[in-house]
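Number of protein chains: 2
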Amino acid sequence: MIIDCHGHYTTAPKALADYRARQIARLAEPGAPALSPDVRISDDEIRASLEPHQIATQRQRGVDLTVLSPMASAMAHHVGNAETSRHWAQASNDLIHRVTQLYPQQFAGVCQLPQSPRSGMATCVAELERCVAGLGFVGCNINPDPSDGYWSDPPMTDRYWYPLYEKMVELDVPGMVHVSCSCNPNFHHTGAHYLNGDTAAFMQFVLSDLFKDFPGLRLVIPHGGGAVPYHWGRYRGLAQQLGRPPMGELLRNVFFDTCVYHQPGVNLLLQVIPADNILFASEIFGAVKGIDPETGFHFDDTRRYVDAAPTVSEADRHKLFELNVRRVYPRLDALLKQQGR
Amino acid sequence: MIIDCHGHYTTAPKALADYRARQIARLAEPGAPALSPDVRISDDEIRASLEPHQIATQRQRGVDLTVLSPMASAMAHHVGNAETSRHWAQASNDLIHRVTQLYPQQFAGVCQLPQSPRSGMATCVAELERCVAGLGFVGCNINPDPSDGYWSDPPMTDRYWYPLYEKMVELDVPGMVHVSCSCNPNFHHTGAHYLNGDTAAFMQFVLSDLFKDFPGLRLVIPHGGGAVPYHWGRYRGLAQQLGRPPMGELLRNVFFDTCVYHQPGVNLLLQVIPADNILFASEIFGAVKGIDPETGFHFDDTRRYVDAAPTVSEADRHKLFELNVRRVYPRLDALLKQQGR
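Sequence lines, in order, name chains Z and H. Quick note: the first sequence, position 309, residue 321 per the working numbering, numbers continuous. Quick note: the second sequence, position 176, residue 188 per the working numbering, numbers continuous.
In isolation and in its complexed conformation, chain Z is listed as follows (with noise of 0.2 Å):
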């Protein structure tokens, strides 16, 4: 089977944004209470928001399942506070638990965390376990700057983040790491922010010893590892001029997935990079939902890449689509499992 391990739920009804923009006007009322999640959608809303659009393009790619999380630029984590945060994580990844419970056969959830500038873990710890030992979500994603552009929490790889990835490693669950919007002029969101956020999250863990302090933690570096692979030869000599392990002991945790849109890139990164560390992944629908007038087909419709890439064995092939996301995403092996797949 296909496995599409990086999905967002874009077209969600519009409902879940009008609550969004009511939880924002609340803040602004001094005194005011915040507003807990009011969403109302009805499932006939639900499948009309996927039918035509996700689950149609499921079809037509030949994909068997998305792992599909809360739209990515609209965590907006910069937004309120760490209670902000909560309510409007709960309202998105409860929306996700509907899909999956209306479409188990196509979607597994991944949690948005409602994560906060400075504000710690706890929150992102109790929605994390909500989500995965209360709803059945097989990972979560883990925006690596909460400031949304200015970078101004710690690191990925300090010990402020050690209590989600205490929580990750009892509930064996992945993150993915995806920065969410920019509200810093500088960065375009999907055009500079997402592959920025990736590639500094992996020098990050070519620097610390992240990974010895927990061995069991999987982390998945979207949009085909920010510049990381493009630049394999740069960070096999920094880590080796700067005395860190060689980038095989990074890839016990580490892992890329397929979404870079053309051929030559995908190539790249399938030559580059072990085939044991790439999951196969469009992001549909996400940054770029055109049709290259080069190919006539869509931009992200990554597996057509992957089929062409000619350095890729048949077993590979078979790593990449499914086997590989079993394995970094055990939860969701087990839930196919169930399913008789």
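Just so you know, these hints were derived from the structure itself, not from any lab. Incorrect hints may have been included.
Treat identical chains as interchangeable: a pair holds within one or across any two.
[As the list claims (entries may be wrong)] Computed cross-link-like contacts, SDA-like style, restricted to lysine to any residue with a CA-CA straight-line distance of at most 20 Å:
#: 1; residue 1: LYS301; residue 2: ASP313
#: 2; residue 1: LYS301; residue 2: GLN252
#: 3; residue 1: LYS26; residue 2: ASP55
#: 4; residue 1: LYS224; residue 2: GLU178
#: 5; residue 1: LYS301; residue 2: LEU254
#: 6; residue 1: LYS26; residue 2: PRO64
#: 7; residue 1: LYS301; residue 2: GLY255
#: 8; residue 1: LYS179; residue 2: PHE226
Fit chain H to the given chain Z structure using the hints.
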């Protein structure tokens, strides 16, 4: 001939760094006047700093000339104020000038600008004029983030920067977009901040009409363009989706160097980006100084990768190694012609 368009004087005699240390120490003395450059270095010290290092490496690798600028990570524009940066740029550039006088066959100068957060462009314009018109420099380095890791100044496409671009066009010199050190613990300088600066700047150019306002402005994005060529499909797709001109239009003004430290990365760069837009460079001695155990050669010996790249014709290689650099740096071309080269 082979021209390396991106080298830094990372082996400068210690007296330069000593001045900088004294300059910074003076900043902490209440009421003390700023310390003007008082660097004393003999010609022999300069020779000893270059001959066994950059010049020996040029000979080994068959590079005829390097476009040399002050050490990028030492620019540290966040330190002090505009006067601090003015003194430091003068000291650094004067030393580069002496190198180009001692070794006119081996080095041409590119200047550091005295940028300082939110200080405007007046001192930069003056120093650029001094270096180019007065000292024979052929270009400048532009730091897109003078805050050194917090990105608090306006994007490079903001009118804030226009006085600098006006002077660059008037003098007919290009700029290399090159960040400096990182004060932000999230960003390792050569492992994240450098590449992220390249990527952020490119996306700023995609979104703006900067080159409509300055059709003659030429900007070089180093380190192989950060993440950009690896994600070329993403950029083509984003430009299309956002109603921006196709990449070909941007490539009238934007160029990439070849500082990518492994063969697959250089292959991708040369496959994806038109040959007219790639300038040979190695950044000796820059981020990665060691020997790649996989090849037995230095990571930054980029000439080997360009020589071995399978998709490049001899004519294109000639462009990359020489013709493009002479076209993008017309004052270098004029210097070389004076030398009969």
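Hints versus structure:
| no. | hint | in the structure |
| --- | --- | --- |
| 1 | LYS301 / ASP313 | within (10 Å within a copy, 39 Å between copies) |
| 2 | LYS301 / GLN252 | between (39 Å within a copy, 10 Å between copies) |
| 3 | LYS26 / ASP55 | within (14 Å within a copy, 71 Å between copies) |
| 4 | LYS224 / GLU178 | within (13 Å within a copy, 52 Å between copies) |
| 5 | LYS301 / LEU254 | between (40 Å within a copy, 11 Å between copies) |
| 6 | LYS26 / PRO64 | within (16 Å within a copy, 66 Å between copies) |
| 7 | LYS301 / GLY255 | between (42 Å within a copy, 13 Å between copies) |
| 8 | LYS179 / PHE226 | within (11 Å within a copy, 53 Å between copies) |
Going down the numbered hints, you'll see the structure goes against none, and every one checks out.
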